[in-house]
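K.L.:
Order-wise, the sequence lines are chains A and B. Residue numbers for the first sequence follow the numbering used here, beginning at 12 and rising by one. Residue numbers for the second sequence follow the numbering used here, beginning at 712 and rising by one.
One should not assume that every hint holds.
[To be verified] Looking from chain A toward chain B, a few residues come up when the C-beta cut is under 10 Å (computed):
1) Tyr19
2) Leu210
3) Ile256
4) Tyr349
5) Gly680
6) Ile684
Derived by calculation from the structure, the hints in this document are not laboratory data. Note that the structure is predicted; figures quoted are calculated from it, not measured. By construction, the Cβ of each residue, glycine as well, lies at the ideal position given by its N, Cα and C atoms.
Spelled out, the chains give:
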Amino acid sequence: MPKTTDEYLRRIGGLNVLFAASSVGLLLITGLMVYDDYNRSWKDYQKRFIRLEAEKTRAQIKSAEETVDQKGMAALQEELKEARAALDQRGRELETARKRLRDIETANYRDDLSFRTIKSTFDARKFDYEEARHDKASSTAAYEKEMDDLEKRLEVLRVTLLEHAKDKTAAETSLRDLTSQRDAAQKKIDDLNAGVDRLQKKLQKVAPRGFMRVAIDLLNAPVLDFVAPTLRIQQVVLDQNPIDIHFTRIPRADRCQTCHLAVDKAGYEDAEEPFRTHPHLDLFAGGSSAHPVDRFGCTPCHRGRDRAVEFNYATHMPDGTAQREDWGKKYGWERDHYWEQPMLARSRIEAGCLKCHQNVVSVPKAPRLNRGLELLDRVGCYSCHKIEGWNDRPKVGPRLNRIIAKATPEWMSRWIRNPKAFRPSTRMPRIFGLPNNQAPDDVDREEAEILGVVAYLTDKAEALAYPRLPGKGNAARGEKLVKSVGCMGCHAIEKDEAAPGVLQARNRREVADPVAWERRFGPDLSRIGSKAKPEWIYQWIRNPRAYNPDTRMPDLRLTPEEALDITAYLMTLTDDSPVAERASAPRPHPEARDRTLLAYLSQREPPDDAKASLAKMSDREKDVLLGEKTIGRYGCFGCHLIPGFEKTPPIGVDLSEEGSKPADLLLFGYAPIEHTSPAWFFQKLKLPRSFDEGHVAEFYDRLRMPQFEFTDEEAGALTLVLQGLTKEKVPLESIRRLSARDQAIEAGRRIVRDYNCHGCHILEGAGGAIRQSLVRNFMAEGRTEDEATSMAASIAPPIIDGEGAKVQPEWLFGFLKAPSPIRPWLAVRMPTFHFSDAQASTLVHHFAARENTVFPFQTFDQVPPRGAALQAAVKMFSPDYFNCWNCHQQGARKPQGPPEGWAPDLTLAHERLNPDWIAHWIANPQKLMPGTKMPTYYDPEDMKGSAPPDVLGGDPKRQIDLLRDYVFTLGQKRAANMGTQP
Amino acid sequence: MPAVESLKHIVNWLSEPSRFFLVTVLAFFAVTLPGEIGPPWLRRITRPLAAVYRPAIGAAVFAVVGLLFIASCFDANFSLIVTKPDNVPIAGMIFLVAFFVWFSLEQGRENDRRMGAGEPIVEKAESGDHKVMVWPDLVYTEFLCMILWTIFLIVWSIYLKAPIEEPANPAKTPNPSKAPWYFLGLQEMLVYYDPWIAGVLLPGLIIVGLCAIPFIDVNPKGNGYYCFKDRKWEIIIFLFGFVVLWVWLIIIGTFLRGPNQNFFGPFERWDAHKLVPLINVDLSQLIWVKGLGVALPSNPLVREGFGLVLVAVYFLVPPFVLARKRLKGIYEKLGPTRYHIMMFLLLTMVSLPIKMLLRWTLNLHYLVTIPEILFNI
């Protein structure tokens, strides 16, 4: 019994009210909890996508309806109406036929059921019988009898069922006969409407109406949605692209398609994100692409958190400040610091390619990444930084062990102080005079260091005395040679090729580079005369390998006279910059030098000892020692071979996994940039020393990376490469594996890049840079640009795509090893690269693999024409027909036409060309080499009509084969006896 | 505002651990025992502090501290640390602990006053002669509290999401790496003690000691009502262990320990690159090498002799000396077993602040260190 309230400490009424209120509160809060759990942004996206898909389907229905032939439809409707009317008149007959069919089906169902029931009983008895018989039981006979009875009944029923089937077919036929006219009309209408119907069905599925809509809403309702919701997370589980969660590899579960619902569906190219189709569906995501979404998902390339279904949590990364602000407004975007590999911003997506596409010179369809790889090769990042995959690359700078034979100490000091002041386009970065060494003490020290480096190099360099020049060359002839024999494939004389204003603007990165990239392979020759000694130039161009056995500069097989002329010309190319703008020679700073040396020596020994050992040294010794210390500190030996540093390991940090380095392991110092690794890479490339700003450090502890003066575009491309160098280990199943053929092609591409074949030849759609210079030569002669371009094409080195199908591998091997002129009238020469056998084989294999021909040995059937055939061949060669000797050289006999139109010596064809290629070539030269001077004798559209009618019955195939066979006999001494007999 | 900035600087300066600890200990005794300990001039200074136990003034102090806290949230660094979802409850804890400690002391003092004046104590006055019923007075109230608290927790969990961070990486622990909040006191001890003491011995002794309290405490007064005078030293010792050596360490560990386990003031940016000098020396090096100027003896027992003697003296001498002099009454009341257990626990507790002081003043690493057998004190 409750007591009266005044006996309680608390007022029960008040407690009851509080209880009621708090219970209601708890209910409401629980509802809020359920709603909060239910309310996910991805569900809204899925609902929006359903609306989008429905809209799209409705629009498709509308346009499909518009295309339906309305007139035809009206006629068909009329036809149907008539057929129906006719059928109505035979109503009784129809009714009877239908009833008959129904009756048969009913009887059939009944008998079939009996049959199946008895059959199952029979099977069971059979089992019992077999068991009983095996056990020799007494019931065996009873079972046997029962089985017999059942079997008889089954047989009766089986026959009855067969009868029913027969009756049914007959009944169906008579019914069909009655309705055939109406059914035919209906089918025509259905066929006409098929497209619309299919879309209507799709629409009903996408956006159901009526009962289905209510049912689906219920399935998706809060709490009930655990059963079978239609709004659900879409994921692909990628066993073959695991994610490395710190030593544990787990399959990725990419849930991106939960919101990006149309990424692998065509037709949503213009939809608003996140519903847009992948912009390269042929390459990514699409089922038939190289990277289908069910195998590669999204995050293996894009990075980001695979399991996330929320915008921020997925670590979307904005591309630039505008997008960042936009996302901030739209999605409340902020950086998620808790995922080490955030998504790559849109412009940085190519960085994702590199982890799978390794050991290739370039990655297909990734232009910015390829630009980065090209730059990496060119500036030689791997010289100072170990990068896995670039381990055995040659040093990018020239060897300095004989530098005194080449340049003077004065020039060397000017150069080291600021290489770009002397040669704006040089790859050599600036090491001295950078912002972290600007205090007065630093300036003096650097002067001393520059002098020290020069002292060291001159002291240690091998003395190489060249004999005096054997004569005096003609600079005008030399200029002509330089601009025609092929130097301009790898070099440029920039002051001749662009106005100073343009060059300056280029250096300020304001205009596009007027000189082709390939022609920056070798140094700009504009001021070479102020750098190199004439004796050195003469010896160098005659035989580059004598001075530097590793050089990639080829031998153009210059005669002594040619070399003298060229030397004379190059010596006229002197420093033309105003004296005031030149980097002055450093002045000696003995005090700064001694101070610096003392700092170095005191690191290892007490200052007094250091002072004493310093006092014992001569000025020269001090200079040399400071040079050694400076070279060691800045790691000059990374790029250059320097005596005394042959074995010293490079000084840069290992970049093999740089892209995986979390930003908090990078020292940002006080640099005013975003704290992300791409921002840091970019800053490091642009202003490598800027992270020192604000820090207190002794000179030997300061940042050492030199300044390359990269443009934003270049630094951005290199940043991509760095981002792509990750520690991710991709399983072999997912990696791009090169076939033997691909490997052969790639190995060749590596040599093509290393030796700058693109400087002269057009290959794989790129290169031919030398044409730029040839065009300039013609324009200097007063030709228009178009004329000059077409003239340059006729004297330029050939396009060598298809070389594998064109020439015989053995010939190509020999040619690469020791080129012999094919078109001797041309000024430009294929240089001797002194390829090793391995390199030459690799190149031959490259061309063979690209054309899918056999490497390394091929045989060629030869069928020398005789008698009438021989006469027909000679006839076709004659001026009345194809007039071959008008352009083609015939051994020592020069062609009759003008030299611009000359063509290769056909007497060499049998040892050089592939006969199949000759046939293809004659049939359609423009197809094999667009722009060739070789006339097209056979119209590819009308071979038969364009063939000479009076030779071999006008059969183009036979004519071409004959020409091929004939060409193959030319130049062979015993042509008639050679080759296989037919 | 330069004034605000310099105020922040002062607070940051004061938050340096040795200063902060000193201020905390002084404040603790000044507030719990206003005008009762120390020389007369100090008593004169602290006596007015008794005013905080007047509810109106107590509330005013709370309001001022709360307002300062809210104002501090306008500082980016302060609010960044305080509003981290896993730090919010600790911020709440500061006020809750302060309130309940204040409340118990206030009630104790009120009852002391009433008993002195011959009035009935608060508990008695509240219920009169009635018995308070389990139902509804207790159970109903508890039930209502449960519902309301559930509501509060649900709302909290909805609007302050669980702070999920990066996948655990055994090769790269987060910086700073912190224990769960309730273990931050232990983690703080790890700074001053060898892991086996801070991680095993001291936590074990805390539990054992807490279990032992009912058996050591023979004072019958104070059961079922608030009081202070009757159990003054029991309360002071417990509160010192709980508030100063546990809660305070948790607060330090949560709000002031930043990257690399460095100390940061509440208004200071947590800069992972901040460097502080940390060169610690062992007592043996301090005495043999620095003091006596000789090399360390190779025999570990000789080498660590000073430390071993010091530790032995610390634990053995004071109990016996005090039992004859200042604590004679207590010794007689408790008997030798209870007394010595109590003294051991007390000395162990006090050793923590002593070790902290030694670290801060002498950079002392270990009193005894015998790495040969992984033994450090």
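K.L.:
Now look at each hint and say whether the structure bears it out.
P.N.:
Results for each hint:
This hint holds: A:Tyr19 has a C-beta 6 Å from the nearest C-beta of chain B, less than the 10 Å allowed. Residue-level restraint check for A:Leu210 is violated (minimum Cβ-Cβ distance to chain B is 44 Å; threshold 10 Å). The closest approach between the C-beta of A:Ile256 and any C-beta of chain B is roughly 5 Å, which is under the 10 Å cut-off, so the hint is satisfied. Below 10 Å, beta-carbon pairs count as interface contacts, and A:Tyr349 has one with chain B at about 4 Å; its hint therefore holds.
Satisfaction of the interface hint for A:Gly680 is found here, the shortest Cβ-Cβ separation to chain B being roughly 9 Å, below the 10 Å cut-off. Using the Cβ-Cβ criterion of 10 Å, the hint placing A:Ile684 at the interface with chain B is not satisfied: the shortest such distance is roughly 16 Å.
Consistency with the previously given hints fails for numbers 2 and 6, ordered from lowest to highest.
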